[in-house]
Amino acid sequence: AQKITQTQPGMFVQEKEAVTLDCTYDTSDQSYGLFWYKQPSSGEMIFLIYQGSYDEQNATEGRYSLNFQKARKSANLVISASQLGDSAMYFCAMREGYNTDKLIFGTGTRLQVFP
Amino acid sequence: EAGVAQSPRYKIIEKRQSVAFWCNPISGHATLYWYQQILGQGPKLLIQFQNNGVVDDSQLPKDRFSAERLKGVDSTLKIQPAKLEDSAVYLCASSLVGASNEKLFFGSGTQLSVL
Chain A
1 AQKITQTQPG
11 MFVQEKEAVT
21 LDCTYDTSDQ
31 SYGLFWYKQP
41 SSGEMIFLIY
51 QGSYDEQNAT
61 EGRYSLNFQK
71 ARKSANLVIS
81 ASQLGDSAMY
91 FCAMREGYNT
101 DKLIFGTGTR
111 LQVFP
Chain B
1001 EAGVAQSPRY
1011 KIIEKRQSVA
1021 FWCNPISGHA
1031 TLYWYQQILG
1041 QGPKLLIQFQ
1051 NNGVVDDSQL
1061 PKDRFSAERL
1071 KGVDSTLKIQ
1081 PAKLEDSAVY
1091 LCASSLVGAS
1101 NEKLFFGSGT
1111 QLSVL
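Chains as they are written, first to last, in this note's numbering: chain A, 1 to 115; chain B, 1001 to 1115.
You can take every hint at face value.
Label pairs and their calculated CB-CB ranges:
id: 1; chain 1: B; residue 1: Leu-1084; chain 2: A; residue 2: Glu-15; range: 37 to 47 Å
id: 2; chain 1: B; residue 1: Gly-1003; chain 2: A; residue 2: Asp-26; range: 29 to 39 Å
id: 3; chain 1: A; residue 1: Asp-26; chain 2: B; residue 2: Ala-1005; range: 28 to 38 Å
id: 4; chain 1: B; residue 1: Gly-1028; chain 2: A; residue 2: Asn-67; range: 31 to 41 Å
Restricting the straight-line Cα-Cα distance to at most 27 Å, the calculated cross-link-like pairs of lysine-lysine (DSS-like) are:
id: 5; chain 1: A; residue 1: Lys-73; chain 2: B; residue 2: Lys-1103
id: 6; chain 1: B; residue 1: Lys-1103; chain 2: A; residue 2: Lys-70
id: 7; chain 1: A; residue 1: Lys-3; chain 2: B; residue 2: Lys-1103
id: 8; chain 1: B; residue 1: Lys-1078; chain 2: B; residue 2: Lys-1015
id: 9; chain 1: B; residue 1: Lys-1044; chain 2: A; residue 2: Lys-73
id: 10; chain 1: B; residue 1: Lys-1044; chain 2: B; residue 2: Lys-1078
id: 11; chain 1: B; residue 1: Lys-1103; chain 2: B; residue 2: Lys-1071
id: 12; chain 1: B; residue 1: Lys-1015; chain 2: B; residue 2: Lys-1083
id: 13; chain 1: B; residue 1: Lys-1062; chain 2: A; residue 2: Lys-3
id: 14; chain 1: A; residue 1: Lys-3; chain 2: B; residue 2: Lys-1044
id: 15; chain 1: B; residue 1: Lys-1015; chain 2: B; residue 2: Lys-1062
id: 16; chain 1: B; residue 1: Lys-1044; chain 2: A; residue 2: Lys-70
Hints listed in this document are in silico derivations from the structure and should not be mistaken for laboratory results.
Every residue gets a Cβ at the ideal spot worked out from N, C-alpha and C, and that includes glycine.
So here's chain A without its partners, still in its complex pose (with noise of 0.2 Å):
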């Protein structure tokens, strides 16, 4: 069965410093997706960047970019230059399959930026 760990709980960051959130998944899938997604106090989720299965590359997003190991079954963000607006919670997140399979979240990582 499919699983997402993040075993950080909360993270703290200096404002212009990086910062990197874990997290692990469980998969016997050969083809599946990775999201993460940030959810700040308003509550709505916001997504951040995606890596597929198949992709070489390690993705990035503007200052959001994805360390995928796959060996290791890791998928790491890094956020490059934090500011005070990227202070929520961050959620790693996977998907099976091809399509029409649902996506599971892991429990989250409270991220503050401090100045």
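Fit chain B to the known structure of chain A by using the hints.
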């Protein structure tokens, strides 16, 4: 483009009462999801629709929860009767076709408190 709309934003009810949540997905999105997010946890999928058919409702407590998606557009999630443990944020999301690499677009959620 308009996002996923949900109402109401907040709801407070007493246990054993009934409640209904409404969701209007992004226009043209075939796949619609209802997630339950209990405080301190990641979202858990309750039900997934593809157009107006159910794809996955394996984690929906069918003795008290029901959902429908009329004409493949709007959706309603109902709880009857509510229990204390149903207190959570109910998130609606949609995606274009439900492909494995598609991101989900989320609404702001309905925060339910059962007293």
